[in-house]
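J.: Residue-level listing of the chains:
There are 2 protein chains.
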Amino acid sequence: MDTMLKIDRVPEPTLRRLPWYLSVCRLLKTQGEVYVSSTRLSKETSIVASQIAKDLSCVNIVGRTRVGYEIDNLLEVLESFLGFTTIHKAFLFGAGRLGGALLKDTGLKQFGLEVVAAFDNSPRIVGHSVSGIPVYHMNELESKMRRHKVKIGILTVPIECAQEVADKMVVWGIKAIWNFTPLRIRVPDDIVVQNTSLYAHLSLMFNRLDGLEGETQNDMK
Amino acid sequence: MDTMLKIDRVPEPTLRRLPWYLSVCRLLKTQGEVYVSSTRLSKETSIVASQIAKDLSCVNIVGRTRVGYEIDNLLEVLESFLGFTTIHKAFLFGAGRLGGALLKDTGLKQFGLEVVAAFDNSPRIVGHSVSGIPVYHMNELESKMRRHKVKIGILTVPIECAQEVADKMVVWGIKAIWNFTPLRIRVPDDIVVQNTSLYAHLSLMFNRLDGLEGETQNDMK
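Residue numbers (my numbering), protein chains in the order written: chain A, 105 to 325; chain B, 105 to 325.
The reader is advised that the hints may include incorrect statements.
Because identical chains cannot be distinguished in the list, a pair is counted as satisfied if it fits within a single copy or across any two copies.
Stated by the list, open to error - Calculated pairs, BS3-like style, for lysine-lysine (alpha carbon to alpha carbon, straight line, at most 30 Å):
#: 1; residue 1: 248; residue 2: 213
#: 2; residue 1: 147; residue 2: 279
#: 3; residue 1: 147; residue 2: 272
#: 4; residue 1: 272; residue 2: 193
#: 5; residue 1: 147; residue 2: 255
#: 6; residue 1: 133; residue 2: 272
#: 7; residue 1: 133; residue 2: 253
#: 8; residue 1: 279; residue 2: 255
Simulated from the structure, these hints should not be mistaken for lab results.
Using the sequences and the hints given, assemble the complete structure.
T.: The structure is reproduced here in structure tokens:
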């Protein structure tokens, strides 16, 4: 955590690349490696070595001449910096298809996210639990917010109620919304929104695949 | 499909915004609306109206003065263009936590993706089925590829075998890989890769949330 204090704001493109370096380090560690060079990181991620050195210096990691970076050190700093070593509690809104699937993805906890409760309006699931996580009625949000210190809300409701649910989340104190709906929600400036629309990614993939079949090759990868 | 033939390559930023317009149209249709103005689309998506008009003209949609865009027409063209009206068959690789969750997300089919089979190495799940989708051993990939016409592979294996499984997918004829692992996989130039790392998105959100709490306000949204 000492390292964290000295870190200024890291540019977003760097932030997006850091998890790739982390994954390579995790992989190399399982293979018994102790050091990794920026050349090796470059080969594994297809990012130029000078960019990698720049990115890592943003989180105060400097390689040693000839040996490169110590993998254990890289793992420790990156996991801590990326927030994967601290458990962040979250509420999930909409325990339907995608929401229910996310409740079953226990992998999230490994990366620092623990869903402590879900909210829904359907009498079919309210009062039950999914993978051990209780599902409450939306009406109970206020009281549950008071009991748990939760700042993150995962939004997996149908688009018809996405904005309405987002508004409620903000009113009761949610500070960051992980938006899985394909709708752009509107929130006050001090609320963090992370959009992850699987369907938008799907259409990008379809489009590239069609382009590939239609004519030449794919240059948008 | 007639429209499709006349459409040249659409820029990627436009491609990323089109699903947002589609979502707004779906929403407005449920509310009984027939037309939508670019001003309204702008208000709902926080994208400037002139950009919206530009984006939509890329897929040959032109608004009418005063009334705007016909919602049914927008829906039809966008859904078709984005590939959501054609069923694309896919194989899923790695029916573990996240993979198993995706198999349960029946929403994907609504957006044109049908997972017809899953592959795994674990004796605990091979031979069984998840949400009606059969899980085969990786050894059976070759024969299953011959039987089904599948071009899309969803990669949800652990990072230790991500590259190896990706290599096999390519050898047996997969043309597009939807990569959910946090690893950058290396593939030939003519293979489409769509990266969707939930954990990378998670770390972006944590980082913004921490920045928000640490000092001033969030300007990276």
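J.: List in ascending order the numbers of the hints, as given earlier, that are violated by the structure.
T.: As far as the earlier hints go, only 7 is violated by this structure.
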